[in-house]
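Asker: Now for the letters of each chain:
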Amino acid sequence: MKKCNEVIELMSLYIDNELDNETRNKIDEHIKTCESCKSELDALKEIVGVLGSFEEVELPLGFKEELHEKLVAEKNQNELENKTVQFRKKFAGFASSIAAGLVLVFVAGSLILTRGLLGNAPKDSNKLLMKNGGASEATLNHDNNSNIFGHEEDSQIEILFNEGSKDSSQDQKYDIGAGDTKAKGFRQYDASSPVDPPSEEPALSMITALNAPSYDVYITITSSDIEKETDNINNIAHLCNIEIETYGSKDASVSSPDENKKVLSFDVDSTKYNSFVNELKKEYGVNLSLDEKLNDQDATIKVEISILKE
Amino acid sequence: MSNTEKELINRAKKGDIEAFEQLIEGCQKKVFNIAFRMLGNYDDASELAQEVFLKAYKSIKNFKGDSLFNTWIYKVTTNACLDEIRKRKNKKVVSLDEDVEIGGNEIKRQIKDDSPGPELAAEDNELKRAVKDSINMLSEEYRTVIVLRDIQGFSYEEIANIIKCPEGTVKSRINRARQALKKILQKKKELINEEYVK
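First to last, the sequence lines map onto chains H and R.
UniProt numbering applies: residue 1 is where the first sequence begins, and numbers increase by one.
UniProt numbering applies: residue 1 is where the second sequence begins, and numbers increase by one.
Among these hints, one or two may not hold up.
[To be verified] Here are the simulated DSS-like cross-link-like pairs (lysine-lysine), alpha carbons at most 27 Å apart as the crow flies:
no., chain 1, residue 1, chain 2, residue 2
1, H, Lys38, H, Lys228
2, R, Lys64, R, Lys13
3, R, Lys182, H, Lys26
4, H, Lys302, H, Lys282
5, H, Lys228, H, Lys45
6, R, Lys6, H, Lys45
7, H, Lys64, R, Lys58
8, R, Lys183, H, Lys32
9, H, Lys75, R, Lys61
10, R, Lys64, R, Lys29
11, H, Lys75, R, Lys6
12, H, Lys272, R, Lys14
13, R, Lys183, H, Lys26
14, R, Lys6, R, Lys89
15, R, Lys188, R, Lys164
16, H, Lys64, R, Lys75
17, R, Lys14, H, Lys64
18, R, Lys64, R, Lys132
19, R, Lys183, H, Lys281
20, R, Lys182, H, Lys32
21, H, Lys64, R, Lys182
22, H, Lys3, R, Lys182
23, H, Lys282, R, Lys188
24, H, Lys282, R, Lys189
25, R, Lys55, H, Lys281
26, R, Lys29, H, Lys75
27, H, Lys70, R, Lys183
28, H, Lys83, H, Lys70
29, R, Lys14, H, Lys70
30, H, Lys282, R, Lys183
31, R, Lys64, H, Lys64
32, R, Lys89, H, Lys272
33, H, Lys45, R, Lys183
34, R, Lys132, H, Lys70
35, H, Lys64, R, Lys187
36, R, Lys132, R, Lys61
37, R, Lys13, H, Lys281
38, H, Lys228, R, Lys183
39, R, Lys187, H, Lys228
40, H, Lys45, R, Lys188
These are computed hints drawn from the structure, not numbers from a lab.
Please read these numbers as outputs of a predicted model, since none were measured by experiment.
Please put together the full structure from these sequences, using the hints given.
Answerer: Structure below.
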């Protein structure tokens with residue numbers, strides 16, 4: 001005669017016809033006399049029967065055609081990439097020497113522009129740049145995105161301008177004029193933020209309300225069937241919408257070298273924590289011990305739960 | 001593995017779309033059904049199944065042939081489903097209804113549309129519908145084995161290959177998954193009875 005928990009362990013195999021005759025007969029015998037195991041078996045059989053009766057759904061219309069198009073697109077892209085890679089390999093050396101050449105040309109060009117051909121005409125170039133700067137600003141205001149060349153010119157001029165006259169008062173004037181709207185906007189923001197802080201506060205308090213109090217939960221499981229208990233707790237956590245973050249493995253020297261021990265941990269808010277602990281207490285009752293410690297430093301509560309099951 | 005399958009795989013590895021399509025012909029419906037039962041939603045399943053095949057096409061070069069091609073595809077499918085489920089968990093599920101009391105504990109009710117539409121749902125009896133809803137409440141590990149074993153009818157050995165677990169683990173996990181499902185159903189029943197008394 002088998003014990004009830006042994007029978008329950010074997011029930012799925014019994015239903016799936018995966019047991020040898022001898023074990024099967026023993027279970028048959030047990031069920032004849034044990035009402036609770038019989039009703040458990042009947043319930044499981046019914047569920048398995050229902051699951052088996054789920055109808056197979058047909059593929060959505062156009063599924064294969066849609067997939068075919070994606071495969072073709074993938075293949076084309078792949079071939080294109082292969083070609084580019086080949087091209088790159090072939091011309092990698094060539095391209096880098098072009099790039100180096102371009103850098104040289106650019107450096108030389110900017111030196112000539114700022115210093116003049118003879119290297120001593122900063123004032124003149126400064127004036128010229130002022131004019132240019134003003135003009136390009138005007139075009140920028142009128143028509144923001146029509147002239148690519150205008151933009152390029154603009155940015156180059158700005159760089160040169162700064163280089164040429166860092167401490168002239170005209171320079172400052174120009175700067176303010178150019179960044180007028182931006183500067184104003186910025187100042188307004190600056191001025192208003194210390195006077196008008198409540199706009200930020202509700203958001204902050206909402207965040208803290210969502211988080212507090214935060215529980216730092218560690219569960220130490222000691223059981224002869226560690227995998228079963230882990231699965232079980234995992235399932236309870238899942239029902240409470242909790243994601244278990246770390247599963248201390250049995251070889252972790254930090255926790256314990258014991259094969260029958262495992263540590264799970266996760267952070268969680270109070271609502272989820274309470275429902276989780278309630279479920280856990282219902283499941284494990286006296287096998288469970290619980291210890292809550294408040295950590296003042298970061299306002300979290302460290303919870304150590306031990307589950308001991310033979 | 002048959003010779004034709006080997007040949008098709010070799011051609012698919014070189015990018016032959018036709019060969020790849022022949023390879024997946026036999027498992028497309030099953031992939032879609034696994035995704036449908038795992039995710040509980042018709043449109044999501046369709047999207048995921050497409051992704052699975054595209055991914056398989058891209059990575060068939062890595063298929064070494066140490067398992068059947070179909071087993072490999074089902075492995076890719078279950079992994080993609082698990083990824084999707086975990087991704088969803090991180091996005092908070094908005095509860096449309098107030099919290100539900102189950103056995104004195106508040107549990108968030110998650111409303112998830114269980115397609116495909118009311119026509120099919122009407123054919124289901126009450127128990128069948130309750131079982132369908134309950135599958136979505138199982139943890140990923142349990143849901144996977146229930147879908148593979150009880151809905152799709154894979155053998156223990158096949159499941160062990162798909163989820164890369166020893167067969168013994170599969171056996172005990174299936175047993176526990178069914179018991180977990182039974183527990184959820186019982187709670188549902190109690191809930192319905194309570195409502196009835198009120």
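Asker: Measure nothing beyond the straight line between the CA atoms of R/Lys183 and H/Lys281; if it is 27 Å or shorter, mark the hint as holding.
Answerer: holds (16 Å)
Asker: Quickly compare the C-alpha distance for H/Lys75 and R/Lys61 to 27 Å and report which way the hint goes.
Answerer: Holds. H/Lys75 to R/Lys61 sits at ~14 Å (cutoff 27 Å).
Asker: Tell me if the straight-line CA distance from H/Lys3 to R/Lys182 falls inside 27 Å.
Answerer: holds (21 Å)
Asker: For the pair we were handed, H/Lys272 and R/Lys14, check the Cα-Cα distance against 27 Å.
Answerer: Violated, at about 51 Å.
Asker: Could you grab the alpha-carbon distance between H/Lys282 and R/Lys183 and see if it respects the 27 Å cut-off?
Answerer: holds (13 Å)
Asker: Do the alpha carbons of H/Lys64 and R/Lys182 lie within 27 Å of each other, as the hint requires?
Answerer: violated (37 Å)
Asker: For the pair supplied as a hint, R/Lys187 and H/Lys228, is the alpha-carbon distance within the 27 Å limit?
Answerer: Given pair R/Lys187, H/Lys228 holds - Cα atoms ~21 Å apart, limit 27 Å.
Asker: Keeping to a limit of 27 Å between CA atoms, is the pair of R/Lys183 and H/Lys32 held or broken?
Answerer: holds (24 Å)
Asker: Against the 27 Å threshold, does the CA-CA distance of R/Lys64 and R/Lys13 hold or violate the hint?
Answerer: holds (11 Å)
Asker: Hey, R/Lys6 versus H/Lys45, does the alpha-carbon distance stay inside 27 Å?
Answerer: violated (40 Å)
Asker: For the pair supplied as a hint, H/Lys64 and R/Lys75, is the alpha-carbon distance within the 27 Å limit?
Answerer: holds (21 Å)
Asker: Given the hinted pair R/Lys182 and H/Lys32, is their Cα-Cα distance within 27 Å?
Answerer: holds (22 Å)
In this structure, the hints that do not hold are numbers 6, 12, 14, 15, 18, 21, 25, 27, 34, 35, 36 and 37, in rising order.
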